[in-house]
Amino acid sequence: MEYAEIRQKKKNKASLLTVVPLALVAVFFTFQLFVLSNVGDKGQKITALKAEQSELKIDNEIYKAKIMELQTTNAVVTPLTEAIKVEKKSVNVIDLSSNNNVSAMK
Amino acid sequence: MPPLNKIQIRKIRFIIALFALFGLGMFIMLIKWAFIDNAKYLAIANERYKQITIPSIRGSILADDGTPLAYSEPRFDAYVWTPELETYEKAGLQTRDEFLIKVAPILGASKDDLFKILSTTQQWIKIGDKITDDQRGQLLDLKTDKGGVLRGIQFQYTNKRIYPEGRLASQVIGYVMPSDDPSGYKGAWGLELYWNGSLKPQSGYMSGEYDSFGNYIALGQDETIQPKPGATIYTTINKELQASLEASLKSGVDQFKAKSATGIIMDPKTGKIMAMANYPDFDPNNYSQETDMSVFGNLAVSTPYEIGSVGKIFTYAAALDQHKLTPDTVVLPNGHKGCEVISPDPADVSICFNPSLNKTGKIVDCTCIASRQPVSGPVTAAQALSWSDNIGLRHIAMSMSYQEFYNYLIKFGVGSTTSIDTAGESAGTIKTPDKWNYADQSTYSYGQGYNITPIEAVEGIDAVANYGIRMQPYLVSKIVDTDGKTISFNPKVEENVIQPSTAEEIFPTMHDIYLSELIENRYKSLSKYYIVLKSGTGQVANKDKAGYSNKVDTTFAGFDASPDRKFIMLIKLEEPAVGELSWQNVRIVWLDMLEQVINILKVQQYSP
Numbered sequence: 294m295e296y297a298e299i300r301q302k303k304k305n306k307a308s309l310l311t312v313v314p315l316a317l318v319a320v321f322f323t324f325q326l327f328v329l330s331n332v333g334d335k336g337q338k339i340t341a342l343k344a345e346q347s348e349l350k351i352d353n354e355i356y357k358a359k360i361m362e363l364q365t366t367n368a369v370v371t372p373l374t375e376a377i378k379v380e381k382k383s384v385n386v387i388d389l390s391s392n393n394n395v396s397a398m399k
Numbered sequence: 358m359p360p361l362n363k364i365q366i367r368k369i370r371f372i373i374a375l376f377a378l379f380g381l382g383m384f385i386m387l388i389k390w391a392f393i394d395n396a397k398y399l400a401i402a403n404e405r406y407k408q409i410t411i412p413s414i415r416g417s418i419l420a421d422d423g424t425p426l427a428y429s430e431p432r433f434d435a436y437v438w439t440p441e442l443e444t445y446e447k448a449g450l451q452t453r454d455e456f457l458i459k460v461a462p463i464l465g466a467s468k469d470d471l472f473k474i475l476s477t478t479q480q481w482i483k484i485g486d487k488i489t490d491d492q493r494g495q496l497l498d499l500k501t502d503k504g505g506v507l508r509g510i511q512f513q514y515t516n517k518r519i520y521p522e523g524r525l526a527s528q529v530i531g532y533v534m535p536s537d538d539p540s541g542y543k544g545a546w547g548l549e550l551y552w553n554g555s556l557k558p559q560s561g562y563m564s565g566e567y568d569s570f571g572n573y574i575a576l577g578q579d580e581t582i583q584p585k586p587g588a589t590i591y592t593t594i595n596k597e598l599q600a601s602l603e604a605s606l607k608s609g610v611d612q613f614k615a616k617s618a619t620g621i622i623m624d625p626k627t628g629k630i631m632a633m634a635n636y637p638d639f640d641p642n643n644y645s646q647e648t649d650m651s652v653f654g655n656l657a658v659s660t661p662y663e664i665g666s667v668g669k670i671f672t673y674a675a676a677l678d679q680h681k682l683t684p685d686t687v688v689l690p691n692g693h694k695g696c697e698v699i700s701p702d703p704a705d706v707s708i709c710f711n712p713s714l715n716k717t718g719k720i721v722d723c724t725c726i727a728s729r730q731p732v733s734g735p736v737t738a739a740q741a742l743s744w745s746d747n748i749g750l751r752h753i754a755m756s757m758s759y760q761e762f763y764n765y766l767i768k769f770g771v772g773s774t775t776s777i778d779t780a781g782e783s784a785g786t787i788k789t790p791d792k793w794n795y796a797d798q799s800t801y802s803y804g805q806g807y808n809i810t811p812i813e814a815v816e817g818i819d820a821v822a823n824y825g826i827r828m829q830p831y832l833v834s835k836i837v838d839t840d841g842k843t844i845s846f847n848p849k850v851e852e853n854v855i856q857p858s859t860a861e862e863i864f865p866t867m868h869d870i871y872l873s874e875l876i877e878n879r880y881k882s883l884s885k886y887y888i889v890l891k892s893g894t895g896q897v898a899n900k901d902k903a904g905y906s907n908k909v910d911t912t913f914a915g916f917d918a919s920p921d922r923k924f925i926m927l928i929k930l931e932e933p934a935v936g937e938l939s940w941q942n943v944r945i946v947w948l949d950m951l952e953q954v955i956n957i958l959k960v961q962q963y964s965p
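Chains as they are written, first to last, in our numbering: chain A, 294 to 399; chain B, 358 to 965.
I should point out that these hints are in silico values taken from the structure, not numbers from a laboratory. There's no promise every hint is true.
Stated by the list, open to error - In silico DSS-like links for lysine-lysine, alpha-carbon gap of 30 angstroms or less:
#1 B:473 x B:517
#2 B:614 x A:335
#3 A:350 x B:842
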């Protein structure tokens, strides 16, 4: 191989070694720009979403508790009592075997 | 390359010196940042890295129909952040007066009270404890007189334990008290204590990097663990039966002036506790207002007592099962005189009625029946049980050795806990047969001398009700966690105590006892049901000296002996002041409750 040919090949290699790092740096910056523009500025949205998620969790627990409350005796009996207008009264049981006047009349 | 001139060399040296100076400066600054100002920069860095605990709530306790007995409700603590409040006041956007007027009514406080609370130098002042979501909503919707949002209030998420049925099953459920647990509570007494590990939640955890504006850095370090509420406990409690039992016990205590009352209703086939109650009870929502600490304990599982004649079921069953005798075996050929001398040395029975007649100086022990009236003619084993004749039962016990009798009492569960799944159970006590004497044999035969808790008694009677098989009583049927994972608890056989044929031999005698207790006309319709029972009046042992006081505990225990075997029910009155014997007081409570049990459980009429 001639001296000039060897020198040319070395030159090509050297230029390749210069171009590749520069290209890599360019790709890196482009990628960074892409990521930052698409993801990096989403922090505010993510913060809002996380806050909303927490609120929804609490809302969920509140609804669960309301369901529990609606299943209690009071929740069922009170509206019914009001609707049909019943009142609590004490009941006296008459014992027919006893000797009081009422049972004697019976 | 031509040699450099002096100027060029100086320029190069100047640039090198400049770089060296800059490098040195950098090096010094790095040393300063890394070592001297280390804490300051760490603090700044940590501010960007936030760790947030996500709270969660305690699991629920449900009745057998899935309705709640205890649950946790999200609540909020309300705070005033005074720098914010003052900033808006100084800006003229709102006044302190309008703040007090608008906020106080929502918190259920007066304007003056709220004013006093805010008159401190603190910046973070709590003004509302565990307020509801509705209250929080009202506070958030408040507007200033100028139309803006009323500022200065912040909220912190918390929760409150609610017992929606109030006193219902209070001693079975227990209550919770404040703690460092993630929910802020830990169980105290009852199911809340026993199942605390399952009921308590796991807190969530969230960490991440935030920028100087407080916004989350999406590409920063991040770790999130979701919170997990506590598991849901499904109990076997039938609310309708429980409410009826509690009302009956209260009525019994009031009517017969008893110190307390205890009741248990169990499914004999499975050991499932359908109702368990004591009176006096308490309201777990306001447990701190109770002055009598004894109301918190579940007497049904925690208080052994001498059950009296109910224990005769064990004596009778033990003798029958060992074929020592049959129901028709004559145990007292000549009846008795109301009392019987049991001491080994012969003595005249009249000493039993009048101890002053004892001139021998020797101790004369006697066994007597409650009425102390003589019984003439032969007495069979079945009659001894039917008449609750202590002397007859003594003779039934004498058909067995001490060891044989003891073995059966142990098989019936006397002297050991039932391992029921609630807190506070204690075991009764019984002496080992090597320490027995003739008096122990006699007293044990009619249910005195050994201690037994009401739940142990029910478990023992179950051996008769369930064709000889004693089931372990239980209160929790399943646990379901938030992932839907279910742990079910199946009925557990505790012991094969007697043969099925022995159990069936006992029923007719106990049914006769039941029929004999239906004295009043209002109970006559109950005779159509194949219910069997045994009553008991147990003397209360002295606490400070040997022997017995003149106080009694009265007990009625019985079960549905039809093939359905719907229930076993035991009711005990502690030291009733009205009526000396069980038929005079607890019988009424038991039979009144029986009518309700028949209705609620739809017990069928049956004739064998």
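Right, here's what the structure says about each hint:
For a cut-off of 30 angstroms, the pair hint linking residue 473 (chain B) to residue 517 (chain B) stands: about 26 angstroms separates their Cα positions. Taking the CA atoms of residue 614 (chain B) and residue 335 (chain A), the gap is about 73 angstroms. The hint is violated against a cut of 30 angstroms. With a C-alpha separation of about 20 angstroms, the suggested pair residue 350 (chain A) and residue 842 (chain B) falls inside the 30 angstroms cut-off, and the hint holds.
Checked against the numbered hints given earlier, this structure breaks only hint 2.
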